[in-house]
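J.: Here are the chains, one letter per residue:
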Amino acid sequence: MEPLTIEGHWNFDYTYYAGESASRFFDELRHRRIMGSTCPDCGRILVPARGFCDTCFTATTDWVQVGDEGTLETFTILSTSFPGLPEPPLVVGYVMLDDASTAVLNFVHGIDLSDVDAAGRRLLTRPRVRVAFRDECEGRITDFSFVLEPA
Amino acid sequence: MRPVYVRGSAVSVGWADRSRSLTDLIFDCVRAALGDADVTAAELGAVVLAAHDLVDGRGLTSMVTAQAAAAYLKDETRLAEDGATAFVLGDARVRSGSVDTCLVAGWGRASEMPVDEVSHALFEPFTTRPLAMTEIAVSGMRAALSLATYPDYDRHRAALAARRKDRPPARTPGAAWPLRTGELPVWSDVVAAVVLTSRPTPVRVLGVGMSTEPFEIGDRDLLALPALHAAGGQALAAAGHVIGDADVLELDGLTAFDEALAAEAVGAADRGAGMALLAEADRLNPDGGGAAGYCDPAMGLVRISRARERLLRGGRLALATGSSVVAAQTQAAVVLGKETAWSR
Numbered sequence: 000m001e002p003l004t005i006e007g008h009w010n011f012d013y014t015y016y017a018g019e020s021a022s023r024f025f026d027e028l029r030h031r032r033i034m035g036s037t038c039p040d041c042g043r044i045l046v047p048a049r050g051f052c053d054t055c056f057t058a059t060t061d062w063v064q065v066g067d068e069g070t071l072e073t074f075t076i077l078s079t080s081f082p083g084l085p086e087p088p089l090v091v092g093y094v095m096l097d098d099a100s101t102a103v104l105n106f107v108h109g110i111d112l113s114d115v116d117a118a119g120r121r122l123l124t125r126p127r128v129r130v131a132f133r134d135e136c137e138g139r140i141t142d143f144s145f146v147l148e149p150a
Numbered sequence: 000m001r002p003v004y005v006r007g008s009a010v011s012v013g014w015a016d017r018s019r020s021l022t023d024l025i026f027d028c029v030r031a032a033l034g035d036a037d038v039t040a041a042e043l044g045a046v047v048l049a050a051h052d053l054v055d056g057r058g059l060t061s062m063v064t065a066q067a068a069a070a071y072l073k074d075e076t077r078l079a080e081d082g083a084t085a086f087v088l089g090d091a092r093v094r095s096g097s098v099d100t101c102l103v104a105g106w107g108r109a110s111e112m113p114v115d116e117v118s119h120a121l122f123e124p125f126t127t128r129p130l131a132m133t134e135i136a137v138s139g140m141r142a143a144l145s146l147a148t149y150p151d152y153d154r155h156r157a158a159l160a161a162r163r164k165d166r167p168p169a170r171t172p173g174a175a176w177p178l179r180t181g182e183l184p185v186w187s188d189v190v191a192a193v194v195l196t197s198r199p200t201p202v203r204v205l206g207v208g209m210s211t212e213p214f215e216i217g218d219r220d221l222l223a224l225p226a227l228h229a230a231g232g233q234a235l236a237a238a239g240h241v242i243g244d245a246d247v248l249e250l251d252g253l254t255a256f257d258e259a260l261a262a263e264a265v266g267a268a269d270r271g272a273g274m275a276l277l278a279e280a281d282r283l284n285p286d287g288g289g290a291a292g293y294c295d296p297a298m299g300l301v302r303i304s305r306a307r308e309r310l311l312r313g314g315r316l317a318l319a320t321g322s323s324v325v326a327a328q329t330q331a332a333v334v335l336g337k338e339t340a341w342s343r
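Taken in order, these protein sequences are the chains called C and H. Quick note on numbering that gives the first Met the number 0: the first sequence kicks off at 0 and runs consecutively. Quick note on numbering that gives the first Met the number 0: the second sequence kicks off at 0 and runs consecutively.
For the record, the hints were derived by calculation from the structure and aren't laboratory data. Treat the hints with caution; some may be incorrect.
Examples of chain H residues toward chain C, derived with CB under 8 Å [as the list claims (entries may be wrong)]: (1) L72; (2) P129; (3) L130; (4) A136; (5) A143; (6) I216; (7) G217; (8) D218; (9) L221; (10) P225; (11) P285.
Bear in mind the structure is a predicted one, so any value in this text is a computation, not a measurement. Quick reminder that beta carbons are idealized off the backbone N, C-alpha and C, glycines included.
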């Protein structure tokens with residue numbers, strides 16, 4: 000007897016509510032501003048801006064625009080392809096933008112990936128990067144990416 | 000509070016056995032654990048299960064699978080968490096006196112699912128999923144940060160990879176530089192089960208701990224793993240021991256870098272020396288860790304079971320840990336002692 004196997008597939012449509020703070024963060028991206036929110040207790044500027052500091056369990060207060068340059072804290076080079084996303088290889092990394100207290104994730108461009116090992120070794124030096132916005136911003140995290148500054 | 004003992008355990012690791020369904024695999028492993036404990040299903044006072052709907056590809060998966068884990072007409076708790084967390088809850092059930100005997104089980108069958116896609120779906124939809132994040136991507140970032148911070152990691156990773164070279168490449172995740180094949184988990188069909196009891200056995204649960212980090216990975220200390228540091232510290236303090244007393248280390252980590260950093264987080268290695276400890280292998284994950292077979296959310300319970308086995312073979316004191324999705328956000332730690340360790 001041949002053991003039976005059947006194919007399965009999940010494809011549900013969800014509607015996710017961003018809430019007030021994230022909606023404002025994404026709206027600011029449309030205006031080419033990356034915003035952080037300040038925790039009144041620890042003083043950290045949290046990026047992406049959010050409604051509360053989970054470390055202090057306190058509602059954030061002031062919103063501030065953080066710098067458009069920063070340091071690539073860590074990264075990885077991905078070879079996995081996902082529907083609707085750019086084709087690999089992709090560099091994704093966490094960047095500590097100037098004036099921010101937490102790192103923010105995005106794609107990193109401006110490096111030759113024809114030799115992945117060489118690219119990786121270059122990125123291990125924690126280089127400076129700058130924010131580059133798309134021509135048409137639509138209020139999504141993909142409105143911007145990071146571009147490697149010249150060595 | 001009553002003392003708690005591990006009375007039996009079992010682990011099964013395989014791949015795509017088409018003759019066995021998921022419930023067959025669970026039934027086989029749970030029955031083996033009950034047999035090891037010399038306990039019948041009827042004697043169980045409670046059952047705690049660790050399973051993920053996304054991993055199993057079944058909505059409310061425990062409704063389908065619980066009976067295979069001896070939960071019929073039982074006091075049953077279902078956790079979408081790592082098996083080590085389920086163990087902590089099972090320990091609490093026995094320790095509090097509410098039940099005498101508790102089964103803890105966890106499973107995941109990687110051969111049935113698209114692992115990278117499921118891992119991608121775990122991330123939140125606004126700021127991380129659109130950027131191709133997966134569990135292995137975070138591990139890749141931890142690895143990059145390790146190499147940038149600790150020069151010794153690069154020196155010892157080759158020795159470790161050589162020890163773990165015999166692996167099926169088709170069962171490893173998509174590449175995330177700087178991770179190499181020998182450092183990646185080997186996806187497997189994994190079931191683990193443990194029987195806890197208030198009646199004395201050679202292996203006693205001396206302490207447990209749990210802790211959780213922020214969800215935002217950009218907020219986390221990816222090298223220090225503060226939740227694991229806290230959980231391990233809690234478990235050791237409850238046991239009245241320090242990490243230097245533990246001759247058995249079974250630390251869960253998705254990749255070799257995660258295992259090495261875990262050793263540092265619990266204090267078993269100095270900062271930057273975790274990879275060297277892992278490469279030596281005798282004290283930490285000698286079965287190969289994630290390279291011996293991996294699938295969430297069973298792995299913390301696998302590490303606990305392996306710790307028990309090592310204690311029964313002559314070990315004295317064990318620290319075992321389990322980490323949850325997303326990207327080891329929640330950590331659970333367990334200290335087990337053999338009779339000679341806790342009866343001094």
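J.: All the hints need checking, so say for each whether the structure fits it.
T.: Quick rundown of the hints versus the structure:
no., hint, verdict
1, L72, "violated (30 Å)"
2, P129, "holds (5 Å)"
3, L130, "holds (5 Å)"
4, A136, "holds (5 Å)"
5, A143, "holds (5 Å)"
6, I216, "holds (7 Å)"
7, G217, "holds (4 Å)"
8, D218, "holds (5 Å)"
9, L221, "holds (7 Å)"
10, P225, "violated (11 Å)"
11, P285, "violated (28 Å)"
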